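Enquirer: Here's the letter readout for the chains.
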Amino acid sequence: MSSIAVTTKSVTLSGKRIVHWIGSDVRLTVAVVILTCMVFCAIWGPRLAPYNPELPDQAVRLSAPSRHHLFGADVNGFDVFSRVISAPRLDLLIPAVSVSVSLAVGSFLGLLGGFFAGRRSVSGWLAELLTRLMDIIQSFPVFIVALVLVGVAGGGTQNVIIILAVLFTPIFFRYVRGQVLSERERLFIEAGVAIGNSWWRLLALYVLPNSFTPALVQASPTMGFAILLTAGLSFVGAGVRPPTPEWGAMIAAGAEQMVTGQWWASVFPGLAIGLTVFALAIVGEALRVRLEE
Amino acid sequence: MAVAVQARLEVNRLWVERTAGRGPAVLQGISLAVQPGQMLGVVGEAGAGKSVLGFAILGLLPPGLCVARGSIKLHGEDLLSKSDKALRAIRGRDLALILSGGRTALNPMETAGTQIKNVIRSHLDVDTATTDRMAIDILNAVGIPDPARRAHSYPHELSGGMAQRILIAQAMVLSPSVLIADEPTSDLDVTVAAQVLDQMKGLIEGKEPSTIMLTRDLGIVAKYCDGAAVLRQGVLVEYASVASFFAHASHPYSLALLASAKQARGDEPVPSFDEVSRERHSYGRTFKDFAAMRDMLTDPDYMQINDAHIVRRF
Amino acid sequence: MAEVLRVADLVKKFPVAGTRLVLTAVNGVSFTLDEGETLGVVGESGSGKTTLGRCILRLVEPTSGTIGFLGRDVLSLRSSEMRRLRSEMQIIYQNPWEAFNPIMTVYQLIEEPLKLHTRLTRKESASEVLRLAELVGLPGEVLKGKPRGLPAGLQQRAAIARAVATKPRLLIADEATSSLDLSGRLQIIEVLQHLQREFKIAYIFISHDLTSVLRISHRVAIMYLGQILELGPTDAIFSGSQQPYSRALLSSVFRPDPWASERRVRLRAEIPSPIDLLSGCPLASRCPLVEEECHTIPPPRTAIGGADGWWAACHPMALLPRETWERRLADAAT
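One line per chain: the protein sequences are S, E and P, in this order. If you count the first sequence from 1, position 239 lands on 238 in numbering that gives the first Met the number 0, and the numbers rise without skipping. If you count the second sequence from 1, position 79 lands on 78 in numbering that gives the first Met the number 0, and the numbers rise without skipping. If you count the third sequence from 1, position 107 lands on 106 in numbering that gives the first Met the number 0, and the numbers rise without skipping.
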């Protein structure tokens, strides 16, 4: 008997199959390439940058893109190119960490919240309470809440991560809870009880694997949203502190100069954000299509 | 043999194939004949092709299937050569269908009465009073108590048996010449099914359509039908008057169906398809010789047990 | 014959959402079951037979009554004890594909009860799974893959292998043959009978298909609106029942015999709703032989002489001598 691995709903993970899947659709290939570049920048960006991204050179302030400064220099004298390729270290890190945390926490809570919903017991009431709490968090416009929380707790990378994780948790909670609510009525759950599974085994092996897909698929576009949020927070001065390179902050710094024709300080970081978010959306969609087969 | 008579409904060597061309034909050279007032039971398991036969007669084959050759004649006219428009005029009026599924086969948004009246109005040009009267009459005839009130019920308010009766009423209200009943009671509880079938049989005796009863239940064939045709994977394996079928069934498949349908203890072994018991008696019964059946008698694949019974060679 | 199951006065009521009404699915069911015996449970929709099966296995919590299984009071067990007891009582369903966890392969499905209830090593489990597959006639090649896509008959065999892996003393088959075609039905019944001879498993065979029930059951219980109206040896009931509902039910299943007697006991009207049931005999509103007391007093059980463990619930039947009653039934049949 060869070893038989437990598989998620319809996909057996194997490197070869993943590569094949990526190559099958041009858009997906392009998106993955973009993301790979961004990850590359996140890891080696600052090392490979031609100029120190945090050290301004007054002499080249607002110089247009040229041989020396590929993307030009901004109003403070920073080399835009160096900063654009160094920013992913934060611009990817913050979304990646916050979304991972909220995915894990939100899914776990969604599992419990969905499974025990409607029961007339302590667990039922707790599940209800949890759901209401998530509703409350979600009922405010995300950006406003983020601003308020940053105002209260102060900016900085760590705080932004925590705030975003809290704000995203209800998203995954809701997806998983919704799926759990329908899955738990299915006959195979009862069959799982009949065969003698404990509640925990039921949750972990029966309910969760069959409820996780919608949340997983949602992770990628949520990361895109996180990038926008991070950039947005930095744009208004909350969030990451200067002179740390961050796309949103860069757009803010260069915004005034757009009017007078020095477009490069804002446009290039803006393009970077756009490409990354777009790529994340494509990957998310492709994942959804693949997993829902 | 008597002079060949043309039956009201004749299916002559009908072949239905997949339009994509792959795989065996779904119906392979089926020939049947039904006279007014008679009910032919077409028996087969799931996938045998019963529903396909029904839909082919109605001209409602799904896009993946098409009639490759053969003819279907109603009152002597070939239905396959008619235009879609002509068929639509006939369907519901001369050719009717009763589906299974009760409530789910009815429009959930309209009352029972409205759905019956829709059938009337789409074929006849009569005033409201007449339409209402016809609807009440047919509801009465299918055994719905207090029809005037029931006509205002929506499908979800009806029980399974009631809903099925509405379907029968819809099919029979215009006194069609041909009625196709596609497992009309398969979803119903046994006692309700018996009641519904009784009512249906009563209506049929009154209006005398030629009926094809598609079913998996040999008991229904025994009790209500005049003829029996056994389909197996698109092939007609046995075709006889009911009396002859149950007395002299010869094909191993028919025998296997009969053995498992009998309320037997199960200690008797079910005949495998290798075992055969044949009895050839001459058997004069009133199942007229039709052109369609005669055609099959000359087919080398079939042999005649008596003049109301043919079986495919095995 | 050791007694395996003893059900007494089992009741299950469901609240109807949004109202104060109560739906009574099981309304006072009592019977016993010996090891290696098959009890067929027959009834139409609304009879409560499916809910009965789930109550016995405690997949649904009964409202009242007792269930004695292998001498233990099932309803009083704590959840951990109940879980352990489940290795002795199993169920197979009408549509096995709905009862399988979509992420599990056939091998994993059959192995799971072994993992949960035994201490076999990986290797021992593997050989046990293979042995079970062979026992139910499941070809080895299907074990590696998922059950979806296999023909219904094979999936049901896999479900049976999974259900008997821990050699339970009781197996409930809930419409286990209803989704299969003719030959599939016969094959599954054969598998079940073979396993019963091997392991002395007691079966509760719930079905609306009388021919299947006839083949496999030693005794049969006829249910209507949550009550058993007759219980006794299968042959006796099928050929000689005098309970009006049993007769109506059995005569409504047509014999494949055009010369069989046309006469049937017919029930009036339609089955009433199981919500807010009236007291008295559940058949009162439809029975052709209904009497005054049938409407108010629940019918007593009348032991039918001769065969052991054969009784029927019917008022007039209890009061009248057998021949008189038989004549009245015959007169009522049309």
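Just so you know, the hints here were simulated from the structure itself, not pulled from any lab data. Among the hints, erroneous ones may be present.
[To be verified] In silico lysine to any residue, SDA-like type, Cα no more than 25 Å apart, as pairs:
#  : chain 1 : residue 1 : chain 2 : residue 2
1  : E       : K261      : P       : E87
2  : E       : K261      : P       : A268
3  : P       : K114      : S       : L186
4  : E       : K261      : P       : S124
5  : P       : K145      : S       : G150
6  : E       : K200      : P       : E269
7  : E       : K261      : P       : I102
8  : P       : K143      : S       : R289
9  : P       : K12       : E       : H155
10 : E       : K261      : P       : F237
11 : P       : K143      : S       : S13
12 : P       : K114      : S       : I188
13 : E       : K261      : P       : G183
14 : P       : K12       : S       : R289
15 : E       : K261      : P       : R262
16 : P       : K114      : S       : V192
[What the hints assert, rightly or not] According to the in silico footprint, chain S covers these stretches of chain P (three or more CB under 8 Å from chain S):
#  : segment
17 : 22–36
18 : 77–86
19 : 90–100
[Stated by the list, open to error] Just a few of them, taken from the derived set where beta-carbon distance is under 8 Å, the chain E residues facing chain P:
#  : residue
20 : L73
21 : L79
22 : D145
23 : S185
24 : L217
25 : I219
26 : A221
27 : L254
Given the structure is predicted, the values throughout are model-derived calculations rather than measurements. Even for Gly, the Cβ is constructed at its ideal location relative to N, Cα and C.
Enquirer: Next step is simple, just say for each hint if it's right about the structure.
Expert: For each hint, the structure was consulted:
A threshold of 25 Å between alpha carbons decides the hint, and for E/K261 with P/E87 the separation of about 35 Å lies outside it, so the pair is violated. For the suggested pair E/K261 and P/A268, the alpha carbons sit about 29 Å apart, so the restraint of at most 25 Å is broken. Taken as a hint, the P/K114 and S/L186 pair is honoured in the structure, with Cα atoms around 21 Å apart against an allowance of 25 Å. Taking the CA atoms of E/K261 and P/S124, the gap is near 42 Å; set against the 25 Å cutoff, the hint is violated.
For the proposed pair P/K145 and S/G150, the alpha carbon gap of about 54 Å is over 25 Å, so the pair is violated. Taking the CA atoms of E/K200 and P/E269, the gap is about 19 Å. The hint holds against a cut of 25 Å. For the hint pairing E/K261 with P/I102, the CA-to-CA distance comes to about 41 Å; that exceeds 25 Å, so the pair is violated. Restraint check for P/K143 and S/R289: the C-alpha separation of about 23 Å stays at or below 25 Å, so the hint holds.
Between P/K12 and E/H155, the direct Cα distance comes to roughly 24 Å. Compliance with the 25 Å bound is thereby established for this hinted pair. Pair hint E/K261 plus P/F237 holds up; C-alpha atoms about 12 Å apart against a cutoff of 25 Å. At roughly 17 Å between alpha-carbon atoms, P/K143 and S/S13 fall within 25 Å of each other, so this suggested pair holds. Of the supplied pair hints, the one linking P/K114 and S/I188 holds, its CA atoms being roughly 17 Å apart against a limit of 25 Å.
Only pairs whose Cα atoms come within 25 Å are accepted, and E/K261 paired with P/G183 is accepted, the gap being roughly 17 Å. Among the hinted pairs, P/K12 with S/R289 is inconsistent with the structure: their alpha-carbon atoms are about 44 Å apart, more than 25 Å. A C-alpha spacing of about 18 Å is found between E/K261 and P/R262, which places the hinted pair at or below 25 Å, so the restraint holds. Using a Cα cut-off of 25 Å, the hinted pair P/K114 and S/V192 holds, with the two alpha carbons roughly 14 Å apart.
With 0 residues bearing a CB less than 8 Å from a CB of chain S, the segment 22–36 of chain P misses the requirement of three and the coverage assertion fails. Check result for the segment 77–86 of chain P against chain S: holds, 4 residues qualifying (beta carbon to beta carbon below 8 Å, three or more required). Coverage of the segment 90–100 of chain P by chain S holds in this model, with 7 residues showing a Cβ closer than 8 Å to a Cβ of that chain against a need of three. For E/L73, the shortest C-beta to C-beta distance to chain P is roughly 28 Å, which exceeds 8 Å, and the interface hint is violated.
Taking 8 Å as the C-beta contact cut-off toward chain P, the hint placing E/L79 at the interface is violated, the least distance being around 31 Å. Restraint check, E/D145 versus chain P: the minimum CB separation of about 12 Å is more than 8 Å; hint violated. With a cut of 8 Å, the hint placing E/S185 at the interface with chain P is violated, because the nearest CB-to-CB distance is about 11 Å. Annotation: E/L217 was flagged as interfacial toward chain P, and the flag holds, the nearest CB pair being 4 Å apart, inside 8 Å.
Interface hint at E/I219: satisfied, since its Cβ lies 6 Å from the closest Cβ of chain P, which is below the 8 Å cut-off. Interface hint at E/A221: satisfied, since its Cβ lies 4 Å from the closest Cβ of chain P, which is below the 8 Å cut-off. A least Cβ separation of about 11 Å between E/L254 and chain P goes past the 8 Å threshold, and the interface hint is therefore violated.
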